[in-house]
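Enquirer: Here is how the chains run, residue by residue.
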Amino acid sequence: MATYNLNINGKSAQVDVDPATPLLWVLRDHLKLVGTKYGCGIAQCGACTVHIGDGAVRSCQIPVSSVGEQPITTIEGLSENGDHPVQQAWMEVDVYQCGYCQAGQIMQASALLKNNPNPSDEEIEATMSGNICRCGTYTRIRKAIRLAAEKSQNS
Amino acid sequence: MTLIRTKIGRRSFIKSSALAGGGLMLGFSWLAACKTEAEAEAILQMPDEWFEINGFLKIGDNGVVTIMSPNPEIGQNVKTSMPMIVAEELDVDWNNVIVEQAPLNTEVFTRQLAGGSQSIRQGWQSLRMAGATARQMLIGAAAQAWGVPAEVITTNAGQLKHEGSGKTAGYGEMAAAAVNVEVPEEVKLKEVSEFKIIGTSRKNVDGPKIVTGQPLYGLDYHEEGMLIAMIEHPPAFGMKLKSFDGEAVKAMPGIKDVFSMEVYPDDYTKIWSDATVFDELVVVVGTSTWEVMNAKKALKAQWEPFGEYKDAYEGREQVVPAGLENTTEHYNKLETMGAKLAKVVRKDGDPEAAFKNAAKVLERTYTCPYLAHNTMEPMNFFAHVTDNDAKLVGPIQTPEFMEKSVSQRLGLPLEKIDIQMTRQGGGFGRRLYGHFLVEAAVISKKMNAPVKLVYTREDDMSYGVYRPTYVATYKAAFDENNNLTAFHVRAGGIPESPIYENRFPAGAIDNYLAESWEVGSNISTGAFRAPRSNFIAGAEQAFLDEVAEEMGKDPIDMRLEWLGKAANNPVGEKNDYDASRYAGVLKLVKEKSNWSGDQSGQHRGVSAYYCHNSYVAQVLDMSMQSGKPVIDKVTCAIDCGIVVNPDAAVNMAEGGIVDGIGHAMYSEMTFKEGEPQQSNFDRYRLIRHNEAPKAIDVHFVENEIDPTGLGEPPFPPIMGAVANALYRATGQRHYHQPFMGERALKG
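Here the protein sequences come in this chain order: V and S. Going by the working numbering, the first residue of the first sequence is number 247, and it counts up by one from there. Going by the working numbering, the first residue of the second sequence is number 28, and it counts up by one from there.
Rather than coming from a laboratory, the hints here were simulated on the basis of the structure. This structure is a prediction, so every number in the text was calculated from the model and none was measured. Here a beta-carbon is modelled for each residue, glycine too, at the ideal position from N, C-alpha and C. Heads up, some of the hints might be wrong.
As the list claims (entries may be wrong) - Here's a subset of chain S near chain V, in silico, CB distances under 7 Å, partners left out: (1) Thr239; (2) Gln705; (3) Ala719.
As the list claims (entries may be wrong) - Residues of chain S clear of chain V, computed beta-carbon distances all greater than 10 Å: (4) Ala177; (5) Phe455; (6) Pro656.
Can you build the whole structure from these sequences, using the hints too?
Expert: Pasting the structure below:
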């Protein structure tokens, strides 16, 4: 067991856990931030995607001991009022079916747009292909990302 | 005008203060996210009192309406569309509606089940009646208050009005009095032309919670003092627990207990939704998920093969054969057992003579593998069992059935079992089988504590209730002029046959023969989105493509010709489908896909199927890019009667299409010595973003027929469209799913 001071969604949080505990389970079990989902545990599905700094990472593969003071953003902290352009686009397109993978999809998409505000369809496909949607909402995800890109550029 | 006898019992009078129910915040956050804050506040002033008019709805004194969504939500969007139907007949403004997931209550609600694409179809009348009855009672209250006959009072968007006197009142003002109005014996339902909510697109009521990561799913559920439990199941089908040593594991950090559990003791009588062959498991319980996961990995358990036994199910005994099965043996059986075991299930005319006299016979065999459901949210359930009662919370498609199982297993009366439904991270049929509720309950009882049972992805995939493996051999006989003279299908599977002998093309062919067979296995199988149809549709539609080619006919025109015969001069008495509606979707897809026009660079496959009371036709456009098939577009036509929530219905169809393409092309579960060879997404291929169609174009046949199924029907036929497009793109026919798999590529 060891104590870690994490910087999550702009707030500091202290946890006392085994250093090998993946960030995913620290978020879900210890901090009750359950928006980040468990899907596979081996970085194959993307349901657990969060941001460390500006980059999207699979939180199931990040031991809590390796995070340090880097800022972590989860779906709960992506925006204050649920109005990030990607969240708005997701609601406007009504992307989801079961919805379980969508937090990961949104975190992946918002990191993409942060680093590449106007991605091509090929770039969207390449970036999003690590996130599985079992319900098959891929065409809507693509549409929502395009819409979010437009929203960001017009705002 | 439709008059219907009401079946809703006497309403109960419930006065509860605002925010007493935990679900109220749900509606608040939804509206808050959609409107400016001022607007939201104006609308969402929570009422001081709620008046429950019937089990489906309650009305606040300020006119806000809460509608209960009775059925499990697995992504089919019934949580939005079922309340829309109530709201329509109640005649309220949808923006004033809060939706809550109903509790399991079989006295108020019928068929609280997610399966068979039947939620809307079978809920249609009762949902409409619930709204219409409440509306009638509000009118009754106004009639008494104003001293005028009920017949002259009209409603609109939650407002009552008497034209003659100009009197008006909101529903909230009359709600208290409405509770005391006699429940009407007859109510008027709206004409389809009067619908204001049904047929208009409404956003998913859980959308704002989904995009902000609020707790919604079973895996998100938490109670104070809750422990985490995981199970270790036999590594292979055909094996059972021999022994285990839990001492070392028990000493690991955060671990509370390690024990073996008889989930289903010998004297337990299973029901269909228990469906499991792993009756004894090892359990690890601890305080956090990661610690329990680690302990589970360190657990040393010994397993041994079991001998054949009989499993007691309600009304029957199921023989569970011994043995450690292999996929290669399964395919050998699929190839050879049909000739020995097949039984005739339908015969029209004299197919034997027609085949004997044929100038030419076309024969093709199709197969498909086992599939795992792979819901993105793995199996899990919360249970808190005490000596007197049991509370269970989580994702389950069959709460009504599993309540019985938990009751029997714990020896508690049904009314002491409280099952609460969360939103579910996918279902696809897997959560029809709720052995994990029984497991969670037994663990909680043993621990005397609230427990959440969590399956790892590996558990979820390797402890499946899989889609069976199937085979179908089709034969068509032709005379010397290339006219079709007979049709024969022989289909079978392990452990069930995929045949639907009374579906098209039965009814369209004079000499028709259908045969069916099945052979047992100890691998647990069950319903997977559109059971049986999910294979036989693709096989049949690929075969029809070859028949059309053989006859030199356009594949759509040939189907329409056959359907014309089935409509005007049907063969046999028992044909399950309506040939004109079937033809309707083919005509619509022909028009919308510009079938007859120039599609240079595109290789097109068509397919159509009827299942779950609905009709779907699809045209799939494929191109070859760098030697790989790319799906550029799918055009889809659907006849499912009245469409309640059009954009959500389009979403459902898009999902079914993507799902069907994925499973036809990439997915399979294989076994070696009984052991599942895929246990996570590194080895089990699911369709990904870059493999999905670039565009999907969905059209609905417009009619006023009561709604039929939609969750499943778009899924089966697309597999045939993929096969037929692949042939045009590559010159090769594909007979074995997954089409991009090893077996298919070997031919």
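Enquirer: Look at each hint and say if it fits the structure.
Expert: Here is what the structure says about each hint:
1. Thr239: This interface hint holds because 4 Å falls under the 7 Å limit.
2. Gln705: 12 Å, violated
3. Ala719: With Cβ-Cβ at 4 Å, under 7 Å, it holds.
4. Ala177: 39 Å, holds
5. Phe455: 8 Å, violated
6. Pro656: 15 Å, holds
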